[in-house]
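Q: Listed below, chain by chain, are the residues.
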Amino acid sequence: MKLWRTPLDVDKLKIPRGELHIIKERCKGCGFCVQYCPKGVLKLSDEFNSKGYHPPEVVKPDECVNCDLCEMLCPDFAIFCVRVETEEKEVAN
Amino acid sequence: MSVSANQMTEEHPMEKLLRMDRIPHIWCPTCGLGTTVTALATAIDDLKLNYDNIAVVSGIGCTGRVAGYMKLDSFHTTHGRAIPFAVGLHIARPEMKTIVFSGDGDLVSIGGNHFIHTARRNVDMTVICVNNFIYAMTGGQVAPTTPLTARSSTSPYGNYEHPFNLPRLAASSGATYVARWTALHVRRLTQAIAEAISKKGFSFVEVIAPCSTLYARLNKLGSGLDLMKFYHDNAVIKHGADVNEVDIDFQSKIIVGKFVDIEKPTYLECLNEGNERVLGDKYKPWGGCNGDN
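Note that the protein sequences, when read in sequence, are chains A and B. Counting from 1, position 75 in the first sequence corresponds to residue 75 in the numbering used here; the numbering is continuous, with no gaps. Counting from 1, position 127 in the second sequence corresponds to residue 1127 in the numbering used here; the numbering is continuous, with no gaps.
Hint data in this document are derived by calculation from the structure and do not stem from the laboratory. Keep in mind that the hints are not guaranteed to be accurate.
Below, computed lysine-lysine pairings styled on PhoX-like, alpha-carbon distance capped at 20 Å [what the hints assert, rightly or not]:
id : chain 1 : residue 1 : chain 2 : residue 2
1  : B       : LYS1200   : B       : LYS1048
2  : B       : LYS1071   : B       : LYS1016
3  : A       : LYS2      : A       : LYS39
4  : B       : LYS1097   : A       : LYS39
5  : B       : LYS1229   : B       : LYS1097
6  : B       : LYS1229   : A       : LYS43
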C-alpha cells in the first residue's frame, strides 16, 4: 500500500483480513461483487451452478480487507465476509 | 483460504432476518432490490432494535415481495394499500416501528392519495420507496415515475407524461425526513434508513434501483450492472438540496442526499394534545391497544 505520509501510529495499525464465503447455488451471476470490490479480489468463474449462472471465485484471497461491500451489494445474499484474526502483526509499510 | 465443500450449509449473516424457506428470491439477476433489503436489515441491526417491535408492510409489485421475505412481523397488502394498513398498525401499536417497503408503482400511483395524506398527517412511520421507473412485475408499463422520453411497453415511442419528483411530493405533503439514494450507495442508504427509522414523524427514503429485465432492456441500457455503473458516474451528492431541483430526466444526473430533516408534532401527539385541550382530565391519552387504554 502506498502512503502519502507515514502515519504516526503506523506500528499499531493492523490491516484487517477477511475470508470470503460464496454460496454458489444462490448466485445469479450479476457481477456486482466483482465490479465493486475495491481490492479486485473476485472474478466471475467459468464454472456453472445448477441454475446456469457463473458464480464468482476468489482470485486474490490475501487481499481481502473485510470491507463487507460485496456482502452488502449482493442482491441474492450469496456472498459474505468473515473477519480473520491474524496472528502476526501486519504493518502498513 | 479454504472454502468448504458443503457451501449450502454456511450461514449468511442475513439469514436471521430472512424467511429462508422462500430464498432464493424471484427477483431477476442484477435487480437492485436485494441490495436494498440488505440495507434495511443492516440498518435494523445497527440500531439494535428488537425484532419483535418492527413491522414491515408492502404492497404489490416486485418490491411488494419484501414483506414476504423478511422474518419480521410483515404483511403483504393489496395494491397501493400498504400505507393505510401501516397507519392502522401504528395507531394500534404506536410503540412498534412501522416500516412501509414498497415500489413507486404501488406507493405513488394507486396509493398516491394515501401517501400524500399520511405525510400531511405526519403519522410516525418510515416509508422506503424503491423507484425503478417502471411497473416491473406486470410487464413494464409506464409508471408515474417514468422519465420523459423513456420507453416502456405502453410507451413504445417514448413517454409523453411528466413524471413525479418524489422527494418534492413527500416534502410538500409534509414529510419530516426526505432522502434519496441509489442502490449503489449502500452504506449511505443504510445510514439514511437508520435515521429515517429513528426519526419521529413521516420519514421517506427514495431508493433508485436498477431494473434490468424491463427498464434497461426496453431502453437499451444494458444490464443492471450497467445501470449501477451509470449511477456511479452520474449520481451527485447534494445534502440539503432544494427539492424543486431534484427532478430526474431520462439518463440525466441524479441528485441524491438528505433533502429534508425537520421536527414536527406527529399525528398521535396532535390527537392526544387536541383531545386533552377539550376534555381535560377526562381524557386518557391514547397509547395503543397494549396498555391500559
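Q: Please list, smallest to largest, the hint numbers that this structure does not respect.
A: Failing hints, ascending: 4 and 5.
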